[in-house]
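Enquirer: Chain residues, written in single-letter form:
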Amino acid sequence: MAYLKLDHISKTFARGSRTTAVLVDTTLAIEKGEFVSIIGHSGCGKTTLLNIVAGLLPTTTGGVLLEDREVNEPGPDRAVVFQNHSLLPWLTVYENVRLAVDKVFASTKSRSERHDWTLHNLDLVQMSHAKDKRPAEISGGMKQRVGLARALSMEPKVLLLDEPFGALDALTRAHLQDSVMAIHQILENTVLMITHDVDEAVLLSDRIVMMTNGPAATIGEILPVPLPRPRKRLELATSPTYLKCRQRVLEFLYERHRFIDAA
Amino acid sequence: MNVPAAKVDARPFVPPTGQAAAAKVLPLPAPRFDLRSRITSGLVAVSVRAVPPVLVIAVLLAVWQLLCSNAGATLPPPTKVVRDAWELISHPFFDNGGLDKGLFWHITASLQRVAVGYVLASIVGVALGTLVGQSIWAMRGLDPIFQVLRTVPPLAWLPLSLAAFRNGQPSAIFVIFITAIWPIIINTAVGVRNIPQDYRNVAAVLRLNHLEFFLKIMLPAAAPYIFTGLRIGIGLSWLAIVAAEMLIGGVGIGFFIWDAWNSSHISEIIVALVYVGLVGFLLDRIVAGVASIVTRGTAAN
Chain A
10 MAYLKLDHIS KTFARGSRTT AVLVDTTLAI EKGEFVSIIG HSGCGKTTLL NIVAGLLPTT
70 TGGVLLEDRE VNEPGPDRAV VFQNHSLLPW LTVYENVRLA VDKVFASTKS RSERHDWTLH
130 NLDLVQMSHA KDKRPAEISG GMKQRVGLAR ALSMEPKVLL LDEPFGALDA LTRAHLQDSV
190 MAIHQILENT VLMITHDVDE AVLLSDRIVM MTNGPAATIG EILPVPLPRP RKRLELATSP
250 TYLKCRQRVL EFLYERHRFI DAA
Chain B
652 MNVPAAKVDA RPFVPPTGQA AAAKVLPLPA PRFDLRSRIT SGLVAVSVRA VPPVLVIAVL
712 LAVWQLLCSN AGATLPPPTK VVRDAWELIS HPFFDNGGLD KGLFWHITAS LQRVAVGYVL
772 ASIVGVALGT LVGQSIWAMR GLDPIFQVLR TVPPLAWLPL SLAAFRNGQP SAIFVIFITA
832 IWPIIINTAV GVRNIPQDYR NVAAVLRLNH LEFFLKIMLP AAAPYIFTGL RIGIGLSWLA
892 IVAAEMLIGG VGIGFFIWDA WNSSHISEII VALVYVGLVG FLLDRIVAGV ASIVTRGTAA
952 N
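The listed protein sequences correspond, in order, to chains A and B.
For the first sequence, our numbering assigns the number 10 to the initial residue and increments by one for each residue that follows.
For the second sequence, our numbering assigns the number 652 to the initial residue and increments by one for each residue that follows.
Hint data in this document are derived by calculation from the structure and do not stem from the laboratory.
Worth double-checking, as some hints may not be accurate.
With beta-carbon atoms standing in for the labels, derived distance ranges [as the list claims (entries may be wrong)]:
id, chain 1, residue 1, chain 2, residue 2, range
1, B, Ser688, A, Glu146, 27 to 35 Å
2, B, Val676, A, Glu146, 27 to 35 Å
3, B, Asn845, A, Arg238, 51 to 59 Å
4, A, Arg27, B, Ser786, 23 to 31 Å
Below, a sample of chain A positions facing chain B; criterion: calculated Cβ distance under 10 Å [stated by the list, open to error]:
id, residue
5, Ala63
6, Pro67
7, Val80
8, Glu82
9, Pro85
10, Asn93
11, His94
12, Ser95
13, Trp99
14, Leu100
15, Leu108
16, Ala109
17, Lys112
18, Arg159
19, Met163
Using N, Cα and C, we set each Cβ at its ideal position, and we do this for glycine too.
Work out the full structure, taking the sequences as your base and the hints as a guide.
Expert: Structure below.
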């Protein structure tokens, strides 16, 4: 039985009398410790899907099962790293993570253990040097690292990444991808990541879930990425398996499900 | 358009020889604390701010003096104001009992009423604003009522509150309360409604309860809006108290002005107006100062 199961999920948005089907009959099973990416053109409902798994949106039909139990409201067992970091600007880096730690481990860790755990997670993303800075004083990549530390600090069963590197420049993005790979190597956590970057998907994932175009999107194809870990960015650039996977995703996105620009 | 080439250093580049490798580190001269230049730059900064208003005031006083110096003038010129009201200006702290007190005591009495009414308005205003901002049904139910009530002039409430409380003091406080509360409610509601969905999502993932959400997300996120309301509120309170005190009597700057009018002491009225203006300005600066300290980290990033 799968660790995380999206079971025949459909989502319809109603606006007045008009209803729009965003997701139709989407089923996906994710194993423990697996890194799964969801890729698709914008507007294909991938963020909707992630929000449903996070519990931030209710499904119209179907449901999400985590360890065989249905989850339908948000919780720290499915921590989210949001696209635009969502750090609280009036708290320092440390306080932003501490808020999560204090809430999740209120009864299971002592005060000093919570302090150590907060610092440990900031260490993990290499942000302990800026722990007393406010979000406005650090760069976009650093904010995203803190967002990642906050999510990791909740010890989630599933880590949900909502296009976490979308707003970053290419170099910063590469650094963060390496960090996420290293952390995944250490913690062996289960990750579900939304992305629109083909290279990112192939580099990081064990499996790539490709979505058809919306409205009424669903899973078009699932591609396993049989690359051994740890993966090295430079070595992969010439690896035939890497190039083949990349080719498959590109074909899916740009030949079979070309994005029709409505604008 | 032809841009003339900038003069560049045309000397040929000489690669550094071996001598350059043994570069000597020269210690930078320690920054000397130069008291004189500090004082000079401080004085310049102060005078840039202070000279223009002082000049304008001097010009206005001169015009006033010219306009009111001829025989038929109804208002006294500034020199006469100072001469007539010198007792009042030089002794703000005297207290001969009853209503015969220095301006300091009148101002204090007015400030006390404002303080009580304003603090009550702040607490109730933030609470109601939070409710209206958070709940769509509370907004639909209450917002139309607020929009009508807030247009009622403060003094129109006074007869009603006198009838209800049968006492001047609580009536004046009620007028302050009802004057200050509307901008606080409305701005708090806007602030709460504008809390980014991201923060609400964070709170949802962390499963913050209602109290934690209120204290840790809502108050800090809405603080800039709340303080805008508080700042408008304190200004309106001070506007209302003078008018209310004119009607209810007793110790207070409003009644002092009314009393001076009844005794035809025009100079005393002018002195009192200066005091009212300065205190109102100070109140506004205090609330603005508290706001800038409290909301320091709240600016969007």
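Enquirer: Check the structure against each numbered hint from earlier and tell me which ones fail, lowest number first.
Expert: 3, 6 and 7
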